[in-house]
Amino acid sequence: NAGVTQTPKFRVLKTGQSMTLLCAQDMNHEYMYWYRQDPGMGLRLIHYSVGEGTTAKGEVPDGYNVSRLKKQNFLLGLESAAPSQTSVYFCASRPRTSGSYEQYFGPGTRLTVT
Amino acid sequence: AQSVSQHNHHVILSEAASLELGCNYSYGGTVNLFWYVQYPGQHLQLLLKYFSGDPLVKGIKGFEAEFIKSKFSFNMRKPSVQWSDTAEYFCAVNADFNKFYFGSGTKLNVKP
Numbered sequence: 002n003a004g005v006t007q008t009p010k011f012r013v014l015k016t017g018q019s020m021t022l023l024c025a026q027d028m029n030h031e032y033m034y035w036y037r038q039d040p041g042m043g044l045r046l047i048h049y050s051v052g053e054g055t056t057a058k059g060e061v062p063d064g065y066n067v068s069r070l071k072k073q074n075f076l077l078g079l080e081s082a083a084p085s086q087t088s089v090y091f092c093a094s095r096p097r098t099s100g101s102y103e104q105y106f107g108p109g110t111r112l113t114v115t
Numbered sequence: 076a077q078s079v080s081q082h083n084h085h086v087i088l089s090e091a092a093s094l095e096l097g098c099n100y101s102y103g104g105t106v107n108l109f110w111y112v113q114y115p116g117q118h119l120q121l122l123l124k125y126f127s128g129d130p131l132v133k134g135i136k137g138f139e140a141e142f143i144k145s146k147f148s149f150n151m152r153k154p155s156v157q158w159s160d161t162a163e164y165f166c167a168v169n170a171d172f173n174k175f176y177f178g179s180g181t182k183l184n185v186k187p
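Residue numbers (my numbering), protein chains in the order written: chain U, 2 to 115; chain Y, 76 to 187.
Derived from the structure by calculation, the hints contain no laboratory data.
Beta carbons: idealized from backbone N, C-alpha and C, even for Gly.
Among these hints, one or two may not hold up.
[Claimed, not checked] Listed below are the simulated BS3-like cross-link pairs for lysine-lysine, each with C-alpha atoms no more than 30 Å apart in a straight line:
#1 U:Lys58 x Y:Lys144
#2 Y:Lys186 x Y:Lys174
#3 Y:Lys182 x Y:Lys146
#4 U:Lys71 x U:Lys58
#5 Y:Lys174 x Y:Lys133
#6 Y:Lys124 x Y:Lys144
#7 Y:Lys182 x Y:Lys124
#8 U:Lys58 x U:Lys15
#9 Y:Lys136 x Y:Lys182
#10 Y:Lys146 x Y:Lys124
#11 Y:Lys186 x Y:Lys153
#12 Y:Lys174 x Y:Lys146
#13 Y:Lys146 x U:Lys10
#14 Y:Lys144 x U:Lys10
#15 U:Lys10 x U:Lys71
#16 U:Lys72 x Y:Lys124
#17 Y:Lys124 x U:Lys10
#18 Y:Lys153 x Y:Lys124
#19 Y:Lys153 x U:Lys71
#20 Y:Lys186 x Y:Lys133
#21 Y:Lys133 x Y:Lys153
#22 U:Lys58 x Y:Lys133
#23 U:Lys10 x Y:Lys133
#24 Y:Lys186 x Y:Lys144
#25 Y:Lys174 x Y:Lys144
#26 Y:Lys186 x U:Lys58
#27 Y:Lys124 x Y:Lys136
#28 Y:Lys174 x U:Lys72
[To be verified] Stretch-level coverage of chain U by chain Y, calculated; a stretch enters the list once three of its residues show a Cβ under 8 Å from a Cβ in chain Y:
#29 44-50
#30 67-81
#31 103-111
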């Protein structure tokens, strides 16, 4: 099993450009999450999904959109990138199994917006 | 909003020294608690978890953590650190079903 994978690993954008980050998991997990990690602030939840076709806002959703068209994929979109979105983005997933709150994380995508 | 506080941002220890990292959270209801570790260049991995029962939980590599409900704390300890423990450690709280809150992290450097 590859676990949770993220594409791309690195990206540099100019202000105003758009891009999509892809998260894929092969563990058949129902729940998926997108976080951003900034120095001194830990991880903050952007959006999450409890199943195919459903998404919900997290702690810092502004400027981002997400889609979950397939159970194994969770896409994070930036329609008009801003320097404030320079960050490391992590995707995570977990199963719906009762009592299982452990999240499995991907390797991260380092995004720089100039 | 919920918050998770990690008191030490950067800790430097020599091998064989003891480690204690503090974590406090603000949520007053039932919580699930975690410690994650991020080794250099790697993704986050679960180190310890507490859901219910014995408030002292043991994880991998000799790490343990204690949940003290009255203090809203979930501090982590290791009696004797190794150079390979050099990493960043994050405390996390699950306060609502799908809401996870992370602390700002503690970078641990262990000198050989």
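Okay, the hints, checked on the actual structure:
For the given pair, Lys58 (chain U) sits about 29 Å from Lys144 (chain Y) by alpha-carbon distance, which is consistent with the 30 Å threshold. With a CA separation close to 36 Å, the supplied pair Lys186 (chain Y) and Lys174 (chain Y) exceeds the 30 Å bound. As the CA atoms of Lys182 (chain Y) and Lys146 (chain Y) are separated by approximately 24 Å, the hinted pair is consistent with the 30 Å bound. Note on Lys71 (chain U) and Lys58 (chain U): the hinted pairing holds, with a Cα-Cα distance of about 18 Å set against a maximum of 30 Å.
A C-alpha spacing of about 24 Å is found between Lys174 (chain Y) and Lys133 (chain Y), which places the hinted pair at or below 30 Å, so the restraint holds. Straight-line distance between C-alpha atoms of Lys124 (chain Y) and Lys144 (chain Y) comes to about 15 Å, which keeps the hinted pair within the 30 Å bound. A hinted pair counts as satisfied when its Cα atoms are at most 30 Å apart, and Lys182 (chain Y) with Lys124 (chain Y) qualifies at roughly 20 Å. Between Lys58 (chain U) and Lys15 (chain U) the CA atoms are separated by roughly 25 Å; this keeps the pair inside 30 Å, and the hint holds.
Only pairs whose Cα atoms come within 30 Å are accepted, and Lys136 (chain Y) paired with Lys182 (chain Y) is accepted, the gap being roughly 17 Å. Annotation: proposed proximity of Lys146 (chain Y) to Lys124 (chain Y) holds, straight-line Cα distance about 18 Å (limit 30 Å). Note on Lys186 (chain Y) and Lys153 (chain Y): the hinted pairing holds, with a Cα-Cα distance of about 16 Å set against a maximum of 30 Å. A C-alpha spacing of about 21 Å is found between Lys174 (chain Y) and Lys146 (chain Y), which places the hinted pair at or below 30 Å, so the restraint holds.
Proposed proximity of Lys146 (chain Y) and Lys10 (chain U) is contradicted: the alpha carbons are some 40 Å apart, above 30 Å. For the proposed pair Lys144 (chain Y) and Lys10 (chain U), the alpha carbon gap of about 39 Å is over 30 Å, so the pair is violated. A hinted pair counts as satisfied when its Cα atoms are at most 30 Å apart, and Lys10 (chain U) with Lys71 (chain U) qualifies at roughly 21 Å. For the given pair, Lys72 (chain U) sits about 26 Å from Lys124 (chain Y) by alpha-carbon distance, which is consistent with the 30 Å threshold.
The hinted pair formed by Lys124 (chain Y) and Lys10 (chain U) meets the criterion: a straight-line CA distance of about 29 Å does not exceed 30 Å. A distance of roughly 15 Å separates the Cα atoms of Lys153 (chain Y) and Lys124 (chain Y); the hinted pair therefore holds under the 30 Å criterion. A distance of roughly 42 Å separates the Cα atoms of Lys153 (chain Y) and Lys71 (chain U); the hinted pair therefore is violated under the 30 Å criterion. For the proposed pair Lys186 (chain Y) and Lys133 (chain Y), the alpha carbon gap of about 24 Å is at most 30 Å, so the pair holds.
For the proposed pair Lys133 (chain Y) and Lys153 (chain Y), the alpha carbon gap of about 10 Å is at most 30 Å, so the pair holds. The straight-line distance between the Cα atoms of Lys58 (chain U) and Lys133 (chain Y) is roughly 33 Å, outside the 30 Å bound, and the hint therefore fails. A threshold of 30 Å between alpha carbons decides the hint, and for Lys10 (chain U) with Lys133 (chain Y) the separation of about 33 Å lies outside it, so the pair is violated. Between Lys186 (chain Y) and Lys144 (chain Y) the CA atoms are separated by roughly 34 Å; this puts the pair beyond 30 Å, and the hint is violated.
Distance check on the hinted pair: Lys174 (chain Y) and Lys144 (chain Y) sit about 20 Å apart at the alpha-carbon level, within 30 Å; holds. In summary, the hint linking Lys186 (chain Y) to Lys58 (chain U) is not supported, as the alpha carbons are separated by about 42 Å, beyond the 30 Å threshold. The straight-line distance between the Cα atoms of Lys124 (chain Y) and Lys136 (chain Y) is roughly 14 Å, inside the 30 Å bound, and the hint therefore holds. Distance hint between Lys174 (chain Y) and Lys72 (chain U) is fulfilled; the C-alpha atoms sit about 20 Å from each other, no more than 30 Å.
Against chain Y, the region 44-50 of chain U contributes 4 residues with a C-beta closer than 8 Å to a partner C-beta. That satisfies the three-residue criterion, and the hint holds. Coverage of the region 67-81 of chain U by chain Y is violated in this model, with 0 residues showing a Cβ closer than 8 Å to a Cβ of that chain against a need of three. For the region 103-111 of chain U, the stated coverage by chain Y holds: 6 residues have a C-beta nearer than 8 Å to a C-beta of that chain, and at least 3 were required.
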